[in-house]
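Q: Single-letter residue listing:
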Amino acid sequence: MVRIPETAARPSAPGPAPDAGGRRLPRTLHPVAWWIWALALATAVSRTNNPLLLFLVLAVLGHVITMRRTEAPWARGFKYYLYLALTVVAIRVVFRAVFATGITPHDHFLFSLPHLPTPDWYAGIQLGGPVSLEALLSAATDGLRLACMLCCIGAANTLANPKRALRVLPGALYELGVAVTVSLSVAPQLVQSVQRVHRARRLRAGRSKGLRALRGIIVPVLEDALERSLRLAAAMDSRGYGRAGTATRRSRRATGALMLLGMCGLCAGAYGLLDATAPVLLGFPALGAGGVLCVAGLRLGGRRVTRTAYRPDPWRAAEWAVAGCGVLSAVLLFSNAGFNAAELNPSVYPLGWPTLPLVPAAAILLAGAAGFLAPPPSPPARPAVPAQRAEELT
Amino acid sequence: MITFDQVTVHYEDTAEPVLRDVNLTVEEGELCLVVGHTGVGKSTLLGAVNGLVPHFTGGTLHGRVTVDGRDTADHPPRELADVVGVVGQDPLDGFVTDTVEEELAYAMEQLAVPPATMRKRVEETLDLLGLADLRHRALHELSGGQQQRVAIGSVLTAHPRVLVLDEPTSALDPTAAEEVLAAVTRLVHDLGVTVLLAEHRLERVVQYADRVLHLPGDGRVVSGPPAEIFRTSSIAPPIVELGRSAAWSPLPLSVRDARRAAAPLRARLGGTLPPPVRPAPDTDAPDLLRARGVTVTHRGVPAVREVGIDLRGGEVTALMGRNGSGKSSLLWALQGSGPRKAGSVSVGESGTSARDPGKVSATEARRLVGLVPQTPTDLLYLESVGQELAQADSESAVGADGVPARAVLDRLAPGIPDSTHPRDLSEGQKLALVLAIQLAAAPRVVLLDEPTRGLDYRAKGALIDIVDGLASEGRAVVISTHDVEFVARAADRVVVMAEGDVVADGATGDVIVASPVFAPQTAKILAPLPFLTVDQVASVLAAPHETAPDA
Chain H
1 MVRIPETAAR PSAPGPAPDA GGRRLPRTLH PVAWWIWALA LATAVSRTNN
51 PLLLFLVLAV LGHVITMRRT EAPWARGFKY YLYLALTVVA IRVVFRAVFA
101 TGITPHDHFL FSLPHLPTPD WYAGIQLGGP VSLEALLSAA TDGLRLACML
151 CCIGAANTLA NPKRALRVLP GALYELGVAV TVSLSVAPQL VQSVQRVHRA
201 RRLRAGRSKG LRALRGIIVP VLEDALERSL RLAAAMDSRG YGRAGTATRR
251 SRRATGALML LGMCGLCAGA YGLLDATAPV LLGFPALGAG GVLCVAGLRL
301 GGRRVTRTAY RPDPWRAAEW AVAGCGVLSA VLLFSNAGFN AAELNPSVYP
351 LGWPTLPLVP AAAILLAGAA GFLAPPPSPP ARPAVPAQRA EELT
Chain X
1 MITFDQVTVH YEDTAEPVLR DVNLTVEEGE LCLVVGHTGV GKSTLLGAVN
51 GLVPHFTGGT LHGRVTVDGR DTADHPPREL ADVVGVVGQD PLDGFVTDTV
101 EEELAYAMEQ LAVPPATMRK RVEETLDLLG LADLRHRALH ELSGGQQQRV
151 AIGSVLTAHP RVLVLDEPTS ALDPTAAEEV LAAVTRLVHD LGVTVLLAEH
201 RLERVVQYAD RVLHLPGDGR VVSGPPAEIF RTSSIAPPIV ELGRSAAWSP
251 LPLSVRDARR AAAPLRARLG GTLPPPVRPA PDTDAPDLLR ARGVTVTHRG
301 VPAVREVGID LRGGEVTALM GRNGSGKSSL LWALQGSGPR KAGSVSVGES
351 GTSARDPGKV SATEARRLVG LVPQTPTDLL YLESVGQELA QADSESAVGA
401 DGVPARAVLD RLAPGIPDST HPRDLSEGQK LALVLAIQLA AAPRVVLLDE
451 PTRGLDYRAK GALIDIVDGL ASEGRAVVIS THDVEFVARA ADRVVVMAEG
501 DVVADGATGD VIVASPVFAP QTAKILAPLP FLTVDQVASV LAAPHETAPD
551 A
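Protein sequence lines, in the order shown, are assigned to chains H and X. 394 is the number that the working numbering gives the last residue of the first sequence; the numbers go up by one with no jumps. 551 is the number that the working numbering gives the last residue of the second sequence; the numbers go up by one with no jumps.
It should be emphasised that the hints constitute simulated quantities derived from the structure, not laboratory data. Model, not experiment: these values are computed from the prediction. For every residue, glycine included, the Cβ atom is placed at its ideal position computed from N, Cα and C. A hint or two may mislead.
[Unchecked claim] Heads up, incomplete: computed chain H residues facing chain X, CB under 10 Å, no partners named: (1) 128; (2) 221; (3) 234.
Between the sequences and the hints, there should be enough to build the whole structure, so can you do that?
A: As structure tokens, then:
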């Protein structure tokens, strides 16, 4: 057997992890646990407008991510969510300044933008005019709340491997998961293909800009991609993808009918809840029935899929703990127990420094406990792109 | 294990059936080699084994194909996944997941193998194919040989009884190919897996085959033991051709057997000087390209380190070295389209007319140096051969004195009609088309990046004729390739690169015989005699017996 030369280049010891996790073995937490934790935190955030609490949430997110993220590519993306969050705040503030809503005599006047007269039929909206500190502050805290929720989602994406999260999809939705996985792996190949063809264009002294050049690049790249996807489809077929299993025509029809009815129920329920004039029966009962039907459909659909999972992520105490501390903090913020609800949304009239309510702050810090409740991630797999591949890619 | 009973395969768009009345049986545990020229139906034959033909490809299959008692008519490929494992040419095409371990488990997940069994089989397969150290690595980071071993492993975990490999090494360098073939033969010997293998470079596999299926091209399949089939087949590795010209019987198939049979031949050839493989190039011809200190880096990693090279008109230079040794980077830098960090390239006869292709416009660079890239189809984007050729003429602004691309193509590969879609051409024809497009600009220096990839013996022979023609017109030709048999026949000079450095540069005979691993088969068999090709031996044998040693 031929030995693999790469083993020689193996680093002698993996770098020290930031936290060895005590006696716990390093492993990756179940992705669903991270998602529950992050969504619960986002729900908690939706309750408050208090900038102190919001900054506390950001600090907690930062702490958990530094403690428990891996070295994988998706785990390096949190800073982009932060940029996005900053953009959200900035857009919010700028819009508030431009579409000024006027100013009351008690407001602190900051500056004035030139007022653009709008036609009569457009009278509802003013452009420009005086801008007050209060208006900007309330816009900023509003934006900050949205930004915090975005960062919660970002944290979930950073902490949980998106592909492993897709594997948790119910069996009936397996095909969807595969499609996403395949497209994720094909995208880099497409980029590489475009680079290769673009470079080859110069050999024919073809134009490298403009519409005609676009054709010279797109046609070979698309042909390449089409042929590749045909070969991939053949390979997947020969490896057993889509084996029919024990599905009968009747069970397939039943699944379809259940899902369709369930979806109708969900839609009707949502409509009933949102429209106050709708009959009461259309609200929660329809929503509940729709949910039950959908679950039944997914279950039945999942039964025909005969497939097993390799090394499924276990759900153990650590998963309960992480998901639990997230949910608990959301429950505490919604419970109004032990604090004044007004402290969650401090008013800018009169202008004053917001107070930090004790119980909500404790609740948010509790969510931060996920940083050490979760087991430490596995040490990074050896990186090192072999030189030859690096050259082929360029 | 596999039986074909009166099988005829007919695709809608062809007049003649690809396979006609094929009857054959492949027994359990055999390594069966499928040989034939490009386009005679090797892939169709292999695809029929697991039902990809006709379930996936379309066409009509008459007769009956059964594998392990299952009829492919009633079982689509996915229902045969637990019996037949299929590995294609480019491993990257077949990968569904992104890490080694998950890829190995994929087929088992589809077959609903219990998780405990899956875990065990993955560990076994990692060891069997020597992949244990790579288990967590991303698939696209691996080298070609490692990827192909993962591809084999990923079908093996389903414990198939039959393994179908369609040219598994054609995209690999010789070392990686050895790696893969060693893995395959180990599977045959240790596990008794039945293997059906199609392969262009027969010299690598013929010694391992228990049986050969030869597709002569008329839809028939001739089956028999290797020594018997190769006695008459139209396609044969050099070792077999040598055996045929020396009239050895039985025909030896491994270098070891051939060396043992060759003692009388060596004694007879002992005193003779082998005729030159190629007419000696004109030593007075001017240098057409001079490169000094050429350095290329990719993201800070040096790919080519201060390489100096002179290319003389009329000389064919082979550029060899493993994947990633900097061959492509050097060629692209010489052409001027690729990045060059340092160094100088001047093209043209020395003096005032010399130009640096990296510093002139792309149109000008094209007239100085023509390059055919590794994937020639990257250059093709129009609907027909005629349009491509016309476009090439207008791109290179062929005036009254220039040769139109059509005329060049007719000389390189006659008989390609204007209306054909470039995608429907064979690999060899695509290469000829792109070469014609590049030659329309009449460059004096022509660079070919791995043109032998995927070519069969006949297409390689045609390529050698083309290259000879270019050299005889006084052009300097550089061919990067892994194929030492091709180099022995086609090149005057060999440059070997390793890690971006030129480690050897000299006449073909001196360089490729210096290392026993890289030597062509004829040289291995006849060493220490300086014979490189079968043609040399044949011409000496054909000559009257007057050259007997005087001693």
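Q: Interface hint check: residue 221/H, Cβ to nearest Cβ on chain X, cutoff 10 Å. Holds or violated?
A: 9 Å, holds
Q: Was the hint right that residue 128/H lines chain X, CB cutoff 10 Å?
A: 49 Å, violated
Q: Have a go at the residue 234/H hint: is there a Cβ in chain X nearer than 10 Å to its own Cβ?
A: At about 5 Å, which falls below the 10 Å cut-off, the nearest Cβ of chain X leaves the hint on residue 234/H intact, so it holds.
The structure is inconsistent with hint 1 alone, although it conforms to all the rest.
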